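Asks: Chains as they are written, first to last, in the numbering used here: chain S, 1 to 278; chain W, 1 to 292.
The hints are simulated quantities; they were obtained by calculation from the structure and are not laboratory data.
Accuracy of the hints is not assured; some may be wrong.
Some but not every residue of chain W turned toward chain S, in silico, with C-beta under 8 angstroms [to be verified]:
no.: 1; residue: R8
no.: 2; residue: G11
no.: 3; residue: L19
no.: 4; residue: P29
no.: 5; residue: F64
no.: 6; residue: V94
no.: 7; residue: N96
no.: 8; residue: L140
no.: 9; residue: V142
no.: 10; residue: V166
no.: 11; residue: Y259
no.: 12; residue: S269
no.: 13; residue: L272
no.: 14; residue: L286
no.: 15; residue: R289
Quick partial rundown of chain S residues pointing at chain W, CB under 10 angstroms, derived from the structure [stated by the list, open to error]:
no.: 16; residue: L51
no.: 17; residue: L74
no.: 18; residue: L121
no.: 19; residue: V164
Given the structure is predicted, the values throughout are model-derived calculations rather than measurements.
The beta-carbon is built from N, C-alpha and C at its ideal position, and this holds for glycine as well.
This is what each chain is made of:
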Amino acid sequence: MTGGRAKYLIGAVCIAISTVMLLPLVVSVLASLKPTEEAAASPPTYVPHGLSFDSYARLWQYQQGLPTYLFNSLGTALLTIALTLLLTVPAAYALARFPVPGKEVFFVILLLALIVPYQALLTPMFLTFARMQLTNTLLGLAVLHTAIQLPFSLYILRNSFAAVPLELEEAAIVDGSSSWQALRFVFLPSTRPAIVTVALFAFIMSWNEFLGALVMMSRSSTFTLPLILATSRTETSLGGTDWGMLQAGITISIIPCVLVYLLLQRYYVSGLMSGAVK
Amino acid sequence: MQRSPWRRLVGLAYLAPALFFVLAFTVYPLLQMAWMSLHNWSLITPPSFVGLANYRRAFTDHQFWVSFLFTLEYTAIITPILMIGGYLLALLTVRNTPLRRFTRTVVFIPVVIGLGVSSLLWYWLFSTDFGLANRFLLDLGVIDEPVLWLGVDADVSNLAITTSVVWKVIGFGMILFVGAIQAIPTEITEAAQVDGAGPVQRVRRVILPLTMRTVLLVTLISVIGSLLAFDQFYIMTAGQPQNETATSVFYVYLNSFPYLKLGYGAALSMVLTVTILAFTVLQLALTKRSQS
């Protein structure tokens, strides 16, 4: 039948699509490895004629230096993961397993938080943060990122806590465990995949988030990686945009996301599915 | 089991931090925004109550409409591309052969990188003199001279930005569609095949109707994402030419931060929130109807 030819056609289409999707990333990484002069050439070369880490060296020393910006981005992301888990794990436990009064009201509030876009709330949040001296701090930005991520995370975790068999919890309680011990020794081990998923999404969101950081961080020493890269286009020693350095920055920003995704793909996709199939 | 009143208290204690957090960092700002929108306030002068003046002002503000309509146009263009493209990619890669799995993984990679960073990447690709887009199109002979992609003509900018965002997010719909299609029991698709339905008919009559819920849901997520577009425009065109490509969120940002018109910015934010809410309700109503 058409089987053989169709199979090759589908294979060719798959390869073509993969190539097109990978191409922008590949040319960006290649451009980050061009020597200084070639990186600034117009028209640009497709493939570097020589390889060098000059662009990375310039990025390393750009303004406050790459380590500062990496520290800011990573610090915010880790704080966001910690805050999100500290708030949502106990809350998910309570919602799934305790007769909490006013549970329904809380769900309505959560739904509201899910629908109201944080982009619209930035102005009042900025004023509150300014009063609490949280602007220009990693903790402040992490609080904002946690607020963005909290409804989705709580939803995923609550479902996961609700799916833990009652017998397991009862056995722990019969053994005289407190609710806290039940959480530690029964629930945390059985909900580990959901916890990894929540941490993963929190990391990727925080590492990538742009507008909130733009609003909350005005001092360049507190900039995250995307912010300093966006700013670097206009202020470089070469006069115009330092394209090589920009590509080096883009490459460095992309690596953690892609690595984390490839390593934890299973959690990522299952998280999306359970988050979307409400 | 312990006594119920005690468990209620313990439960409340576990819930309290998250509850407090949501009240402080979502509910309170929302109320504050509503209050601000009724005031004239510029940080330097104290707020003064002006009633609905900020809202009335928005309706006669030319830039508000330019931004609002541009955002709608952008959403109307990109949504069908993402839905149809994502669905076709899902149909292509739904079976679990190594090559198709690989293609799925590759198409999804841009979804996990940041929109800000991907916009910077495409800002370079579409740069007039230094970008590979012009170099490639010149070499192919598609264009005779470098195109000014970004910030000169609103439609050309929109085309370039739409291209970059399609690349960035098309994998999102694809992955969810693949999940939905794979969840269809094989007996159903096989039965259709036995009945003599060709591939196109199988998709139209069986697969598409059975995955409609997911299609509507992804459409909702995608529409909301596009209505809230900011990063790509801020980075790639900075709203140029003449703020023609400044989206709704961009205009809120401009008013609230560089211009410090806090009251007016809050009113615009309220309008934005209501727009998003309206789209959500509409979409959820559609989803409900498609189920019954």
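Asks: Each hint: holds or not?
Replies: For each hint, the structure was consulted:
Proximity of R8/W to chain S holds as hinted, the smallest CB-CB distance being about 5 angstroms (cut-off 8 angstroms). At its closest, the beta carbon of G11/W sits 3 angstroms from a beta carbon of chain S; the interface hint therefore holds under the 8 angstroms criterion. Taken as an interface hint, L19/W checks out: its beta carbon lies about 6 angstroms from the nearest beta carbon of chain S, inside 8 angstroms. A distance limit of 8 angstroms between C-beta atoms decides the matter here; for P29/W the minimum to chain S is near 4 angstroms, and the interface restraint holds.
The interface hint given for F64/W is violated, since its Cβ lies 15 angstroms from the closest Cβ of chain S, which is over the 8 angstroms cut-off. Nearest Cβ of chain S to the Cβ of V94/W: about 11 angstroms, over the 8 angstroms cut. The hint is violated. Evaluation of the N96/W hint against chain S yields a violated restraint, the C-beta minimum of about 13 angstroms exceeding 8 angstroms. Interface hint status for L140/W: violated, as the beta-carbon distance to the closest one in chain S is roughly 13 angstroms, over 8 angstroms.
Against a cut-off of 8 angstroms between C-beta atoms, the interface hint on V142/W is violated, since the closest Cβ of chain S lies about 15 angstroms away. Taking 8 angstroms as the C-beta contact cut-off toward chain S, the hint placing V166/W at the interface is violated, the least distance being around 11 angstroms. For Y259/W, the suggested interface contact is broken, since its CB lies about 12 angstroms from the closest CB of chain S, more than 8 angstroms. With a least beta-carbon distance of about 4 angstroms to chain S, the hint placing S269/W at the interface is held under the 8 angstroms criterion.
With a least beta-carbon distance of about 5 angstroms to chain S, the hint placing L272/W at the interface is held under the 8 angstroms criterion. Annotation: interface hint on L286/W violated; nearest CB of chain S at approximately 15 angstroms, more than 8 angstroms. Violation of the interface hint for R289/W is found here, the shortest Cβ-Cβ separation to chain S being roughly 17 angstroms, above the 8 angstroms cut-off. With a cut of 10 angstroms, the hint placing L51/S at the interface with chain W is violated, because the nearest CB-to-CB distance is about 18 angstroms.
Of the supplied interface hints, the one on L74/S is violated, with its beta-carbon coming no nearer than about 14 angstroms to a beta-carbon of chain W, more than 10 angstroms. For the restraint placing L121/S at the interface with chain W, the shortest Cβ-Cβ distance is roughly 4 angstroms, inside the 10 angstroms limit, so the hint holds. The beta carbon of V164/S is not positioned within 10 angstroms of any beta carbon in chain W (closest approach about 15 angstroms), and the interface hint is therefore violated.
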